[in-house]
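Visitor: Sequence:
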Amino acid sequence: MIPDVKTMTIEEKLLTMRNLWEDMRQILDNSAESKEIRALLDERVARVESGEAELLDWDKVKGNIGRR
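The opening residue of the sequence shown carries number 1 in my numbering; numbering runs sequentially from there.
Hints in this document: simulated from the structure, not taken from any laboratory.
No false leads were mixed into what you were given.
Derived Cβ-Cβ restraints for the label pairs, each shown as a range:
| hint | residue 1 | residue 2 | range |
| --- | --- | --- | --- |
| 1 | E22 | D59 | 32 to 42 Å |
| 2 | G63 | E12 | 44 to 54 Å |
| 3 | T9 | A53 | 48 to 58 Å |
| 4 | R44 | T9 | 36 to 46 Å |
| 5 | I10 | V48 | 34 to 44 Å |
| 6 | N64 | V5 | 38 to 48 Å |
| 7 | N64 | A32 | 27 to 37 Å |
| 8 | T7 | R67 | 47 to 57 Å |
| 9 | L40 | R18 | 21 to 31 Å |
| 10 | S31 | W58 | 18 to 28 Å |
| 11 | T9 | I65 | 43 to 53 Å |
| 12 | K60 | M24 | 27 to 37 Å |
| 13 | S50 | D29 | 25 to 35 Å |
A virtual CB, placed ideally from N, CA and C, is assigned to each residue, including glycine.
Work out the full structure: start from the sequences and follow the hints.
Guide: In structure tokens form, the structure reads like this:
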């Protein structure tokens, strides 16, 4: 059980946060969804690198929304 957060020192809070984050990262890295997302992103990067797709600047894309 995690002690009452209000009584923890800053160092204890930071250590707890780091441990929780690391645990969550390991869980998410090993999930099927993460592997699917990683595969999708790898595919998109390959399309940009091959010239099949173009990487667009997000600010320009936002500026063009609704203009068509």
